[in-house]
Every structure is written in structure tokens, then in C-alpha cells.
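Novice: Could you build all of it, start to finish, from the sequences and the hints given here?
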Amino acid sequence: MGKSHRRKAGGDQFDSSDADSVSSVSTGFSELTLANDTEYVNSQEFELEKYIDALYEKRFITLLSQYINSVKRGSTKEACLASRAIGLLAITIGAGSSAHEIMEESVSRLSQALMSGSDSLKKSSVLDCLALVTFVGANDLFETELSLKTMWQVIYPKSGPNVGPVKKLPPTVLAAAISAWSFLFTTVSSWKINPDNWKEEISFLSTLLEDNDRSVRIAAGEAISIFFELGILDQNEQVDTDSINHEDLKHGVLAYMQSMKAKILFKANELSVEAGGKGTDKKNLNDQRDLFQKILDYVQTGECPEISLKISNKHGFLRASTWTEIIQLNFLKRFLGRGFLKHSQDNELLHDIFDFARDNSESLSSKEKKISRTEGDKGRTQKMNKDRKLAQERKRGHFIPREE
Numbered sequence: 001m002g003k004s005h006r007r008k009a010g011g012d013q014f015d016s017s018d019a020d021s022v023s024s025v026s027t028g029f030s031e032l033t034l035a036n037d038t039e040y041v042n043s044q045e046f047e048l049e050k051y052i053d054a055l056y057e058k059r060f061i062t063l064l065s066q067y068i069n070s071v072k073r074g075s076t077k078e079a080c081l082a083s084r085a086i087g088l089l090a091i092t093i094g095a096g097s098s099a100h101e102i103m104e105e106s107v108s109r110l111s112q113a114l115m116s117g118s119d120s121l122k123k124s125s126v127l128d129c130l131a132l133v134t135f136v137g138a139n140d141l142f143e144t145e146l147s148l149k150t151m152w153q154v155i156y157p158k159s160g161p162n163v164g165p166v167k168k169l170p171p172t173v174l175a176a177a178i179s180a181w182s183f184l185f186t187t188v189s190s191w192k193i194n195p196d197n198w199k200e201e202i203s204f205l206s207t208l209l210e211d212n213d214r215s216v217r218i219a220a221g222e223a224i225s226i227f228f229e230l231g232i233l234d235q236n237e238q239v240d241t242d243s244i245n246h247e248d249l250k251h252g253v254l255a256y257m258q259s260m261k262a263k264i265l266f267k268a269n270e271l272s273v274e275a276g277g278k279g280t281d282k283k284n285l286n287d288q289r290d291l292f293q294k295i296l297d298y299v300q301t302g303e304c305p306e307i308s309l310k311i312s313n314k315h316g317f318l319r320a321s322t323w324t325e326i327i328q329l330n331f332l333k334r335f336l337g338r339g340f341l342k343h344s345q346d347n348e349l350l351h352d353i354f355d356f357a358r359d360n361s362e363s364l365s366s367k368e369k370k371i372s373r374t375e376g377d378k379g380r381t382q383k384m385n386k387d388r389k390l391a392q393e394r395k396r397g398h399f400i401p402r403e404e
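Everything in the sequence shown is counted per UniProt numbering, starting at 1 for the first residue and increasing by one.
There's no promise every hint is true.
What the hints assert, rightly or not - When the alpha-carbon atoms are kept at most 20 Å apart in a straight line, the in silico PhoX-like pairs for lysine-lysine are as follows: (1) K310 x K333; (2) K168 x K158; (3) K294 x K282; (4) K263 x K199.
Unchecked claim - Distance windows between CB atoms, simulated: (5) S159 x K310: 39 to 45 Å; (6) L254 x S159: 20 to 26 Å; (7) L254 x E78: 47 to 53 Å; (8) D234 x P171: 43 to 49 Å; (9) L254 x S65: 29 to 35 Å; (10) F266 x E101: 44 to 50 Å.
These are calculated hints, taken from the structure and not from any lab test.
We put the beta carbon where it would ideally sit given N, CA and C, even for glycine.
Specialist: See below:
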């Protein structure tokens, strides 16, 4: 008999080897289909995210446009609220391309509102807004200086193009304007500084130390503290004296700054021991004495005061240990009001600006906490005694640095 051929059972069925081959092909086909489907879904999700981002961007720009419109054409109350909303928008978004877009869209219109209007309250709100959007959104010194120049023309109108009679700002508005300008001015520390560019500001601020209103004197003193910290009045390594071309001019600028320093320190010494008359606001007076004493101490010792605020057990303390940080802190506290604590806890921008330290006392025993408090009280008592002694010396006409 010839070679027998076994017929496959059922005629149309495969044996096990054929089944494995088909399974392999099916699996490969399924995986390929799944991969294609997944890629398609991911692509669609990406497109959807783009549309959502674009929609959010459109709503964001629409809101910004409406706010700016309210600043330009709205009532005083509406303009103040809109200015605040723009500032809050910048703080909430934080540094980046969106913040820069806010700045680009709003700066020119805010500047126009400042120059064209005469409403003091509106000016104050717009100044705060301009300072904030530039602080968060500016990419370079040029953008910052443009806003600083605009703000300075409000504080010192003679620096602007209009030479006609100008309505004097009320003291509270002038103080707030200087505070906003100082807040933005703190950012110039990132760049080399030509002292010749800031002679006018230093000169005018020094005259404000003799203003009749104490809040103006305090605001001017805070601004001057930045000039000391940046080394403009002391000519430290941050100051770009090489950018002053002529040697005689360079010596002239240095001599001018030294004379201004002497004038400012003389006045600061007076303000640090000013006596309060009948009906004097004691808190305001104490704030003035404290500020100018700290400025004198800083010039003499190089030690800056430190502020420490308890934020929460989780976030610990917010610490400000330079004049720059203190002025930024004071401005943001004033602008954010009751919202400052929440922003300090959750806002990444504030975490980028300030140092946060955990509260280590949570892990101390009751005895250790008591010892810590006792040592702290003892240190404060010694400091108060030293301050009292120095104040008595200054009242007798002696200006002396603190002992270490």
C-alpha cells in the first residue's frame, strides 16, 4: 500500500501547531490595534487639552480686558476694584508667560490711567496694580524701569513731561505710592546699578524725611533703606561705577552720594528719637522711631532686622531677613489683607519670594519649651535695656553704634 494520508478530524479544523500560529497572529493583530487605538485616544486627549487651554486662555484674556476697561472708564469704586482684581490675577498665576502677558496687556493702559486721571484714590489703586503686574511679569530691567519711571512721575511730578501746576497728592496716597514704588524697586537688585541714574530719587526721598506727615516719612525711610542695602549710598560691589564714563563725573557721583548719606543719617537720627506731642498717634510714632533706629543700626553694623511670621504648623514660619524682603512682605500684607495667610500657605509665588522654616518647637518637650521661652525673654529684656541706653545717649546728642 502506498503512504497513507490521515484526514484531519472534521475536515476544516487545524491541528495544535496551526492553532498556535493563528493565536500568535491574532495576539499581534490585537496588540497593534490596541496600540493604534491608544495612540488615537491620546492624540484626541491632547487635542482636547489644547482646546481647553485655549478656552481658558481666551476667558483669561477676556477677563483681563474687562478689568482694564473698568480701570479706564469705570467709577472710582469700579476702577479700584478692577485694579485690585488685575493684581490678584497676577499674584495667583505667578511668574511665567501668562504673567508676562498680563503685564504686556495692562502696563500701557494702567500708565495712561495714572497720567490722565486726577482721582487720588484711583491713582493709589492703579499704582499698586502696576507695581504688582510688573513685579510678577517683567522679564528684564528695561521693563521694570519703564514702570518705575511711570510711578515716579506720580510721586514726583516734576520728573515728568508736564511742567504745569500739579495737584499735590494727599499724604496717605503719597505714602501708598512710595510704598508701591519701593516694592517694585526691590527687584532691581538682580542687576548692576548705575548710581548716577538714581540721584533724583534719593534727593527727593531725603526731602520727604522732613514731610509734615509721619506716614510719608516712614514710607520714604523704607525706600531709602533699599538704597543702603543695594550699596548705592555706600558704593559697594553691586554698584556699577564703571558705567560712569568720565573720571571727574565718577568722583562727582561718589561725593554726591556721600553727602546725601550724611544728610540722611543726620535726619534719621532725629526721627529715631522724635518726641510725641499731645494727641500724637503713639503707634505711628513708635513705628517711625523703630524704623529709623533699624536703619541707623544697619548702616553702622550691616545687620538687617528680621521678621518671622507663624503661617501654620505645616508651613512653619515665613522669614524676612533683608530690607528687600521686609518691604516686599509689608506691601503684600497690605495688598492681600486677610488673604495674605492663605496665599502664604498655598501660593508658590510667595514661597519663591520668601524663606519658610518649620516650627521645631512642636517636637520639644514642655521643659525644653519653657527653657526656650525663658532664654528668649531674657534676650529680649537685654535688647530692650540696650535700646533704652542707646536712646538716652542719642537724646544727649551722641550718635553711637550698638555694641555687639
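Novice: Hint by hint, note whether the structure agrees.
Specialist: The hints, checked one at a time:
Taking the CA atoms of K310 and K333, the gap is about 14 Å. The hint holds against a cut of 20 Å. For the hint linking K168 to K158, the alpha-carbon distance of about 12 Å falls within 20 Å, and the restraint holds. Among the hinted pairs, K294 with K282 is consistent with the structure: their alpha-carbon atoms are about 18 Å apart, no more than 20 Å. Under the criterion of a C-alpha separation no larger than 20 Å, the hint pairing K263 with K199 is consistent with the structure, at around 14 Å.
Separated by about 41 Å at the C-beta atoms, S159 and K310 satisfy the suggested range of 39 to 45 Å. In this structure, L254 and S159 meet the distance hint of 20 to 26 Å, their C-beta atoms being roughly 23 Å apart. For L254 paired with E78, a C-beta distance near 49 Å keeps the hint of 47 to 53 Å intact. Between D234 and P171 the beta carbons are some 30 Å apart, a value that contradicts the proposed interval 43 to 49 Å.
In this structure the supplied range 29 to 35 Å is violated for L254 paired with S65, their Cβ-Cβ distance being about 48 Å. Between F266 and E101 the Cβ separation comes to about 47 Å, which falls inside the hinted range of 44 to 50 Å.
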